[in-house]
Amino acid sequence: MRILPPILLLLACDALACTCAGSDLKGQYETSSNVFTAVVTGARFDDDGNIEADFEVTEVFKGNIPFDKLRTTRSGTTCDTSITVGPEYVFFMGDEGRFGMCSGNKIIVPGRPTPWLDLLRTYKAGETPDLSSPWKFRHHDGSCSLRTDFRSTEDAVMSYLNMEYRYAAPASPLWTAERLNEAGYSSAVFMLPTRKEPADATLILKARDREFVATWSDDALPGRSRGAFRLSGDDVRAFAQALLYSDKVQVKGSLERYPSLDGTVIRTTNAGSAIVEFVDCANR
Amino acid sequence: MRKFVLSLLLQLPVAALAQGTTCTCDRDELLANIRDAETIFYGSIQEARMDSADSDTILLTLKVSDPIRGKRAGPVEVSTTLPHSCGVRAMLGMHSLYVVTNDSEPVTRCGGSGSHHYRQGHELYDLHNLVYALITIEYADSDPQMVRSWLSRTFSKNYTRREQMESFFGLIGELDTETIITVTENELIYRNLVFVFTDDILIDYFWKGQT
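Taken in order, these protein sequences are the chains called A and B.
With the numbering used here applied, the first sequence corresponds to residues 1 to 284, in that order.
With the numbering used here applied, the second sequence corresponds to residues 1 to 211, in that order.
No lab work stands behind these hints: they were computed from the structure.
A portion of the hints provided could be inaccurate.
What the hints assert, rightly or not - Now the in silico label distances, taken between C-beta atoms and shown as ranges:
| id | chain 1 | residue 1 | chain 2 | residue 2 | range |
| --- | --- | --- | --- | --- | --- |
| 1 | B | T184 | A | P113 | 49 to 55 Å |
| 2 | B | N158 | A | E30 | 49 to 55 Å |
| 3 | B | Q164 | A | D234 | 31 to 37 Å |
Claimed, not checked - Okay, the calculated bits of chain B under chain A, using three or more residues with CB under 8 Å as the criterion:
| id | segment |
| --- | --- |
| 4 | 44 to 51 |
| 5 | 78 to 84 |
| 6 | 88 to 95 |
As the list claims (entries may be wrong) - In silico EDC-like cross-links for lysine to aspartate or glutamate, where the CA-CA straight-line distance does not exceed 16 Å:
| id | chain 1 | residue 1 | chain 2 | residue 2 |
| --- | --- | --- | --- | --- |
| 7 | B | K63 | B | E77 |
| 8 | B | K63 | A | D47 |
| 9 | B | K63 | A | D218 |
| 10 | B | K71 | B | D36 |
| 11 | B | K157 | B | E187 |
| 12 | B | K157 | B | D204 |
| 13 | A | K62 | A | E96 |
| 14 | A | K69 | B | E77 |
| 15 | A | K196 | A | D218 |
Each residue gets a CB set at the ideal place from its N, CA and C atoms; glycine is no exception.
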C-alpha cells in the first residue's frame with residue numbers, strides 16, 4: 001500500500017470539526033507531488049461510499065499526474081469531503097490522486113479573482129522567486145501603503161498585514177477619526193479572523209532579531225465591527241526597516257479566538273521592491 | 001380576524017446566488033414552475049457526469065430521500081446545466097430540492113431546484129424555506145409527524161418570531177393558492193395546522209384534533 005501524501009498526513013480530525021494542518025500556497029506546493037488545474041467531468045460513489053471522479057487536465061504546474069481517477073476515502077469524520085462536477089479546480093495531490101477536506105484544492109469560479117492561480121502562473125513563468133504571498137505597495141490620496149496576505153500554521157483562514165503612512169492630509173477625508181487623516185499618521189494593522197480579544201492581548205512580531213509588540217485595538221478600522229492588532233508611531237517605520245533585512249516575520253501570540261496564529265511565518269521573499277518603496281515613502 | 005396579505009417584497013425578481021455565479025431568476029416563473037411540476041423531491045446526487053454531447057449539460061443520478069410530489073422511490077435521472085447557466089450545483093452527496101417539470105427538461109435553480117436553504121443573498125431570503133413550505137403543503141393533511149419533524153429544523157418554540165412565520169406562510173400561500181391562511185391576533189391557521197403566538201413569538205404549534 002502506498003502512503004498518503006504528506007499534506008494528508010497532517011490531517012487532525014475529530015468527531016465534531018475537521019481541523020486541517022493548514023499551509024500557505026508555498027507549503028501546499030512543496031508538499032504536493034502534483035499541482036494542476038482540471039475540469040471534473042464525472043463523479044460517483046462506490047459501494048463503500050468513497051468518491052471516484054474523472055477529470056481533464058487543463059494546466060500542469062508540477063508533476064506528471066500518474067493517476068487517471070481522483071479518489072476520496074471516507075473516514076466517517078467531518079474531514080470527509082465531496083467534489084463538484086463541472087467546474088475547474090486547482091488540485092494539490094500526491095501520486096495516488098487522493099483528495100480530502102484538507103488537500104487545499106480550490107474551485108476556479110469564472111469571474112472571481114484567483115490570486116493563488118495567478119501566483120502559480122507567475123511562478124511557473126519565472127516571474128516571481130517563490131510562491132509566498134506577494135507584497136503590494138501603493139500610493140493613494142496622501143498616503144502610501146504596503147500589504148500582504150498570510151495564513152496561520154494550523155488553518156487556512158487568510159489574514160493580512162496592511163501598513164500605512166500618511167504623508168499629507170487626504171483631499172477627501174475618509175475616516176471619521178481625525179487622527180487618521182493627519183499627516184504623519186502611521187499604522188501597521190494585522191487583520192485576523194478574530195473580532196474580540198482581551199484588551200491586553202498582544203502579538204509579538206520578530207523580524208531581523210528585533211521584536212515588535214502589536215496591541216489589540218477595537219477601533220483599528222473605524223466603521224467595522226472587528227478589531228485588529230496594530231503597531232503605531234515610530235514602531236511602524238522601525239518594523240518596515242526591519243523587513244528590509246529579513247526574509248520573514250515570525251508571529252508569536254496566544255490569542256483566545258485564534259490560537260493557531262502562534263508560530264505563523266509571514267514571508268518577505270516575494271516582496272520585490274514593495275518594502276523598499278514603503279520605507280522610502282515613510283521616511284520622506 | 002384578518003385575511004393574510006402577501007408582502008409586496010415577495011413579488012420582486014430574485015437573484016439566485018450559488019457557487020459564486022449570479023443567476024437572475026423571475027420569482028413568479030419559479031413559483032409557477034413549482035406549482036406545475038410533476039415531480040418534486042428532496043434528494044442527493046449519487047452520480048454526475050458531463051454530457052459528452054453538450055459540455056454545458058450535466059447528467060445527474062439522484063437518490064430520493066424525501067418524496068414531496070410524484071415519483072416516490074428509486075433513483076431518478078435528470079439533467080442540469082452548469083452553474084453559470086442557472087444549473088444546480090453538481091456536488092456529489094449534496095442534498096437539494098429537485099423540481100422536475102418533465103423528464104426532458106433540465107432542472108435549474110430558476111425552476112426551483114437547488115439548495116435554497118443556504119442563504120446566499122438577501123434576494124433569496126424568502127425562498128430559503130422553500131423545501132419546508134413544500135413539505136408542509138404536501139403533507140399537512142396526510143403526515144403531520146413528517147411536517148412537524150421538518151418544521152422543527154427551522155422554527156423553534158419560544159424563539160421564532162411571528163413575522164418569520166408570516167413570511168413562511170406568505171410563501172406557502174403563493175404555492176398553495178387554493179387554501180386560505182387565516183391569521184388572528186394569537187394564531188396562524190393553515191388547514192389543520194395551528195401556530196400560536198404570544199408577544200409575537202411562536203410558543204406552540206399543533207394539529208387541530210390531535211394532541
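Hints and how they fare:
no., hint, result
1, T184(B) <-> P113(A): 49 to 55 Å, "52 Å, holds"
2, N158(B) <-> E30(A): 49 to 55 Å, "53 Å, holds"
3, Q164(B) <-> D234(A): 31 to 37 Å, "53 Å, violated"
4, 44 to 51, "holds (count 5)"
5, 78 to 84, "holds (count 3)"
6, 88 to 95, "holds (count 6)"
7, K63(B) <-> E77(B), "9 Å, holds"
8, K63(B) <-> D47(A), "14 Å, holds"
9, K63(B) <-> D218(A), "49 Å, violated"
10, K71(B) <-> D36(B), "15 Å, holds"
11, K157(B) <-> E187(B), "14 Å, holds"
12, K157(B) <-> D204(B), "6 Å, holds"
13, K62(A) <-> E96(A), "15 Å, holds"
14, K69(A) <-> E77(B), "23 Å, violated"
15, K196(A) <-> D218(A), "8 Å, holds"
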